[in-house]
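Q: Using the sequences and the hints, build the whole thing.
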Amino acid sequence: MADVRSALITGITGQDGSFLAELLLEKGYAVTGISRRDAHAPLGSSEHLREEIAVVTADIADRDALSSVISSVRPSELYHLAAPSFVPRSWEEPAETVGAIAATGSEVMSAVRRTDPSIRVFMASSGAIFGDALESPQNEQTTCRPTNPYAIAKLALHQLVGVIREHDGLHVSSGICFNHESERRPEAFVTRRISRAVASIALGLQSELTLGSLDAVRDWSFAGDIVHGAWMMLQQEEPGDYVLASGIPHTVAELARTAFACVDLDPEPYIRVDDALLRRAEPARSLGDPTKARERLGWLPTLTFEQLVERMVKADMRSLQAAGPVQASP
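Residues in the sequence shown are numbered consecutively from 1, following the numbering used here.
One thing to keep in mind: the hints can contain errors.
Taking CB as the label site, the calculated pair distances span [stated by the list, open to error]:
(1) H48 x E93: 56 to 66 Å
(2) E51 x S71: 58 to 68 Å
(3) G162 x S118: 18 to 28 Å
(4) R285 x E208: 19 to 29 Å
(5) R272 x V217: 14 to 24 Å
(6) G162 x W91: 24 to 34 Å
(7) A95 x E208: 16 to 26 Å
(8) G162 x R294: 15 to 25 Å
(9) E93 x S136: 24 to 34 Å
These are computed hints drawn from the structure, not numbers from a lab. For each residue, glycine too, the CB sits at the ideal point set by N, CA and C.
A: Following this line, the structure appears as structure tokens:
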């Protein structure tokens with residue numbers, strides 16, 4: 001009987017960690033997730049997988065603890081997804097953000113180097129590293145001009161991947177992931193805030209949807225497709241960096257209109273713009289070019305933008321209906 005491949009995931013409780021764990025389980029992997037909390041604490045988005053995965057408790061910023069986990073699990077693949085992801089919070093604690101992203105990612109790579117350099121590693125970068133880019137769409141060669149602490153930290157980690165890969169010969173790849181969403185995305189993010197609000201409005205539980213800029217352009221994909229791209233990267237003989245994105249631009253206004261269309265409502269009476277929600281340091285346009293991933297990995301998104309939005313709105317409808325009668329907002 002062939003040996004079962006094993007994978008270690010940091011960030012197992014998040015949106016991406018849950019979709020990746022599902023994918024790897026489908027492919028026959030033994031999956032272990034690292035959680036900072038007690039192994040018996042709620043697993044967030046991966047709670048439904050509790051009986052199918054192993055969970056270990058460790059602080060991935062702790063060098064000895066991380067090395068101990070890797071030595072114990074002996075994964076063939078390690079996916080480093082754990083990191084702060086809500087950009088506005090990075091302004092509140094920039095030093096903490098840089099440490100949580102760049103320093104911790106460096107520790108993960110160092111632990112692999114010390115423990116078992118044959119482990120293949122995926123590092124989650126972000127399309128935010130391009131920031132106020134001089135070209136659109138952005139590809140792997142685009143000059144980076146980050147505009148916030150989160151993006152700066154992600155760029156530092158992305159660059160560390162390149163130099164460590166070159167210096168130590170590790171099979172470590174960086175996925176430059178543009179915005180990717182699902183019904184498991186926290187409600188602080190605009191996509192989920194829209195889908196939840198639209199579902200609430202359709203059910204008579206809410207009267208309006210408040211947004212900042214309606215003109216901001218983003219490249220939204222399904223989170224499940226993005227983690228599939230991450231897996232494909234680690235199946236390559238040679239490591240590399242890949243943009244994972246849909247390559248199709250949409251505005252926040254389009255997102256809202258598409259969501260309202262899912263419940264057969266005209267969005268005009270319900271949308272209110274609040275200048276207090278504007279992110280003035282954010283680029284107005286973020287768009288990825290996935291040509292390299294498509295041509296070298298054979299990666300293609302499975303859900304269209306419209307299908308993604310519909311999936312999110314329907315999931316929020318089910319969730320609100322399952323919660324039972326709720327008093328409508330004034």
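Q: Hint by hint, where does the structure go against what was stated? Just the numbers, ascending.
A: Of the numbered hints, 1, 2 and 7 do not hold.
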